[in-house]
Structure formats: structure tokens, C-alpha cells
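Asker: Here is what each chain is made of, one letter per residue.
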Amino acid sequence: MMVPWRSIKLLQRAVNLWLFGFLFSTVGAAEWLWIHPAVPALPPPPGALSMLTHGFAYLPSEWAIVAVIFVMVLALRSVVLPNRWYFTAVQWVLFSSLVNFSWLTSTGGHQLIANVLFWMIFLPAEEPATARTEHVPLSRLVHATAGWIIRFQLLLAYAVTGIQKLTGTWWLTGDAMGIVATDTSYGPAWLAAVPWFAGLVNHAVLLFQLTFPMALWWRPARHRWMVLGLVFHLCTGIAFGIVDMALAFLAIYPIWFRTGEDHMRH
Amino acid sequence: MSSRGARSLVVFVVAIHVAFLLAYTLPACFVPQRLQAWSTRIVRPLFHQRWNLFAPDPSPCHCQVEVALGDADWRPLIPGDRHYLLRRMDRPLAELIRSDVQHGDTLLRPILADAVRGLARDIARDAGPLRYRLVQHCIIDPERPADRATRITRLELPMP
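Line by line, the protein sequences give chains A and B.
Taking the numbering used here, the leading residue of the first sequence gets 43, the next gets one more, and so forth.
Taking the numbering used here, the leading residue of the second sequence gets 41, the next gets one more, and so forth.
Excised from the complex, chain B in its bound form:
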């Protein structure tokens, strides 16, 4: 292939790939619905990526799942002394649960319930079943983010 033809071909392939990635990752309001559907079909299985950390806005609530054994005190589902990758699960798991709770659903989806059970598997069960709750600390005024209101929601887990 001639040098000029080769350059054109490279530009074409790169442009098509980047266009599909943009259609997949940009906010939905920027992308025609049909193009977004195509890009999801092509990009999702092989090149999945999301670039919305703290975007479009950071979460207004700090949230955490807590667990209690019988009548004992509540403690974080993932204690602070765990491996960094286990601690990292705390936030996205709580966010997913918060999203369900916001829609009035305190009975967890099976996959989230299994994740909660799996992360609590090292807690001894002699004193009875475990109880779970979602604790949220939400901002009241974005200009004074340190002042936060606390909301507590009891969680129900479906039978495994």
C-alpha cells in the first residue's frame, strides 16, 4: 500500500474506534440513542470502561454497610484493618445498596445479598443470625460539606 493510503487507513481505523469509545463513555445527553446502542453492543464485551469517578457530581452521602451479631454493637462490614482491596469494596457495595434503598427497596438484590454474606463469612454465628444496616452521612448544604445528616436503614437479605 502507498504511504498516503496507509496513513489514511490508520486514521480511519483509529477514528472509528475512538468514536465508538466516545459514544460509549460520554454522557448520554451528548450521544444519539442509536449510536449509543451500537457502541454498547461493540464496546461493552471487549473494551468496557467508565470515566465517571466523582462525576457528574461526587456522591452527596458517605455510606457504609454495618453488621451486628445478635444484640452486639454494630461494626463495619469490612473492618479498617483488612487488605486494601477488601476495604475498597466497601464503598461501591454501599453505593449500590444505597441506590436500591433510594427506590424504597430494603430487600437486597440476590447478587448484593450474596456479596454482603460473603464479606461477613468470617464472623462467628453462634450468637444468632447477623443483622445488617446501611448508614449514610449526607450533606445538607454543599457549601458546608462537613455538616452531614445521618440516616440509618435496616437491610433485609433474601434467603440464599
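Isolated chain A, as found in the complex:
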């Protein structure tokens, strides 16, 4: 039932490394994004809970840069030291608020990290002691729930994007990749000049996204599909200028690593 400790530890380090790297990369545009934002914040959704994830709709926008620095410091700390739940909670509130504040720059990768950060609050900071009793302590229940929700969150992202594409027209006819490739915001334009190859890539992407959740569930295929995912995300990240989104997905992969699963079975 428990997600292996080694997978949890790797996930915590990878997510914090991503957080630090991404926020550090925003510093060059801090004047436009955080200090004197060029784009106004969206109004928060109704409900008191949105105060947690849309903080800068209520707080002065000048505080955003302070939040950026604070999250970076906490992330750097958590790369090397155990993840304390209270630090992760602060990171989740601030990072979610920053993502919603700079809504025009946010991608699915940022939303993924924000969601995973919430569930990381409930993951253990240190390796839990092996239980030898019939009764399961509450802490183990909480750890297991959070670990499995993070696992499913990753699968859901691939499954839903694949299903969304099935409801369209051009992914099924094989024309979608050519349209994306000839869009000057994305590319690479040469892909459309070889229609059979564009069609092949089109269907390969669809197949990969739809099979990813099943392949990860099936242990023998898991690492092979993760390698495919690595190639897929790096290619799309570089071609479309969304490397941060690509790395965000890859940072969550460790939660599905097999390392330690055999040990837990025994």
C-alpha cells in the first residue's frame, strides 16, 4: 500500500530542484512579472479556499517578489534537508498564488507542480519505521493516500490530454501535428513538409499519451514508457519553448520508480 520511501525522497528532491530552477529563471523578468506586473491578476474563483491559492488577488502585488525569493530559499533547503510538512505547506500556498498571479505564463507543468506540492505536505520527511503490528497507524494512512494521489495525478494528466484529443477532428485524421508544426509559435516547420512523417508523429503522440497510464501500472513496461516520456517531453519542450513544463512532468516521474518496491513486497 505504501509508496516506496526512495521514490518519495527522489520526488521531494526533484520537485524542489524544479521549483528553485524555475523561480530562479523568472528573476530576469522579475520587473515585468513580480515587481510591477504587466498583466493584472485574474479575479479569484468564489469561495474562501481560493484565498490560499490566489493570495495576490488579496495581497499587494509587490509582495510577489518576496514570495519568489522565499519559495526559492525553502526549495533549496528541501533539496538537501528533509522535507518538513510546514515548509511544504508554505511553498504550496505561495507557489500556487504565484502561478495564478502570472496566469498568462503558466502551463500545465506549473499546475501539476502546484497540485503535487499540496499532496507532498502529507508525505513523510524521513523514512517511516517498518510496522510489524496488525494495526496501521494514522500517519501511514496519510502517507499512503498522498503518495497514491500524486501517482494518479501524473497518470490523469496524460490520460485526460489523450482523451481530449480524441474528441477533436485533426488528431484523428493525422493533420494536427502538421498544423502545430507550421504555426510559427511552435514548429518545427520542416515536419509539415514530410506529411507521412507528420502523420506518424501525430499518431505516435496520441498513442503514447493514451497508453502511458496503463504502461506505468504494468511494472515491466513502466521504465520503458518513462524513457519514451523523457524523449517526448524534451523534444516538445525544446521545440515549443516550454522546457520548464517538460521538466515539471519529469520531476514527478520518480514517484513511479520501481526502486524499493521489491524490498517492500518482502
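Possibly wrong hints are sitting among the right ones.
[What the hints assert, rightly or not] Every beta carbon over 10 Å from chain A, so not counted as near; a handful from chain B, in silico:
hint : residue
1    : His57
2    : Pro72
3    : Arg74
4    : Leu75
5    : Ser79
6    : Trp91
7    : Glu106
8    : Ala108
9    : Asp121
10   : Ser139
11   : Gly144
12   : Thr146
13   : Leu147
14   : Ala155
15   : Leu197
16   : Pro198
[Unchecked claim] Between beta-carbon pairs, the in silico distance windows are:
hint : chain 1 : residue 1 : chain 2 : residue 2 : range
17   : B       : Glu196    : A       : His265    : 48 to 58 Å
18   : A       : Phe239    : B       : Glu196    : 42 to 52 Å
19   : A       : Leu101    : B       : Glu196    : 29 to 39 Å
[As the list claims (entries may be wrong)] Residues on chain A that point at chain B, a partial pick, calculated with CB under 10 Å:
hint : residue
20   : Val178
21   : Leu180
22   : Ala234
23   : Ala240
Hint data in this document are derived by calculation from the structure and do not stem from the laboratory.
For each residue, glycine too, the CB sits at the ideal point set by N, CA and C.
With the hints as your guide, set chain B onto chain A.
Answerer: This is chain B only, laid out in the frame that chain A set:
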């Protein structure tokens, strides 16, 4: 709690959460309306996520907002030499404006107008007010996506 009971509880909580996420993110045609309304109320404030990049279809138009000072030539609102996160705003902003323009509305919504003004704030205004336009390059035949028709729409900004 017994091991079996604990396992059941974990499965239940995970299943409920995932079900709400699915109801929130799947295409509307797959989800009963009432369940979608519940999921929006629960998921939107805390766990908002959208997984529809290039889905259900990629946009048929490449679009960009351009700006001109007085009688000068048009230039992109966000030049190509800007920080990658600023360049990234170009496309979604233009898409939102395109969506309004498609409904025959060339007077921008206040939030989009403020965003356009904010991104053009470093342009000197000595030579008069700025002019804005939306340039779209739209596919004509999906099988020949490189052939695109150009549409230009002048944009009006409401008074700040």
C-alpha cells in the same frame, strides 16, 4: 485500524479525489452536468488544472498582437528578444483576443486591455497614441497547413 480497513480507506479517498479531478478535466460531453458543477466548486479553488494543450484540436490560426506608434511600422507587442516568460504571454493573450474578435467584439475586455497596455508600457509615447491590431494566419486546408490566409483586425482599447 486493521490493515484491510486501512487499505479500503486509502482506496476510497484516492478514488473520490481522482473522480472529482476527472469530472473537472474531462471534456464536458463525458461528465454529467451536476457532477461537473460539484467538481468545479471543489477542484477549481484548490486543485485547478487543464490538460487541453493542442486539444481537442490545435488552433487553426497563428495569431499575434502588434503595436504601432503613430504612423510608424507595426511590430510585435512582445518582441522576440524578450525573456522567455514574456514571449510566452504572446500566444495566450492573442488567443483570448481572437476569441473575442470571433464574436465580433473588437473593443477589448478591461483585463485584456490592461494586459496589452502593460506589455506596451516601455514604448515611448512622444509621437502620439499607440495603435493595436490582431494578425491571424489561418489554415485554409488542414492537409496543407503551410498555406495560410492572413486576417488583420484593428483593436480598440477601452479608456483605462
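Asker: Taking the hints in turn, state whether each one holds.
Answerer: Hints and how they fare:
no.: 1; hint: His57; verdict: 6 Å, violated
no.: 2; hint: Pro72; verdict: 16 Å, holds
no.: 3; hint: Arg74; verdict: 18 Å, holds
no.: 4; hint: Leu75; verdict: 15 Å, holds
no.: 5; hint: Ser79; verdict: 13 Å, holds
no.: 6; hint: Trp91; verdict: 4 Å, violated
no.: 7; hint: Glu106; verdict: 14 Å, holds
no.: 8; hint: Ala108; verdict: 19 Å, holds
no.: 9; hint: Asp121; verdict: 12 Å, holds
no.: 10; hint: Ser139; verdict: 14 Å, holds
no.: 11; hint: Gly144; verdict: 24 Å, holds
no.: 12; hint: Thr146; verdict: 20 Å, holds
no.: 13; hint: Leu147; verdict: 18 Å, holds
no.: 14; hint: Ala155; verdict: 4 Å, violated
no.: 15; hint: Leu197; verdict: 14 Å, holds
no.: 16; hint: Pro198; verdict: 14 Å, holds
no.: 17; hint: B/Glu196 / A/His265: 48 to 58 Å; verdict: 55 Å, holds
no.: 18; hint: A/Phe239 / B/Glu196: 42 to 52 Å; verdict: 44 Å, holds
no.: 19; hint: A/Leu101 / B/Glu196: 29 to 39 Å; verdict: 33 Å, holds
no.: 20; hint: Val178; verdict: 4 Å, holds
no.: 21; hint: Leu180; verdict: 8 Å, holds
no.: 22; hint: Ala234; verdict: 5 Å, holds
no.: 23; hint: Ala240; verdict: 9 Å, holds
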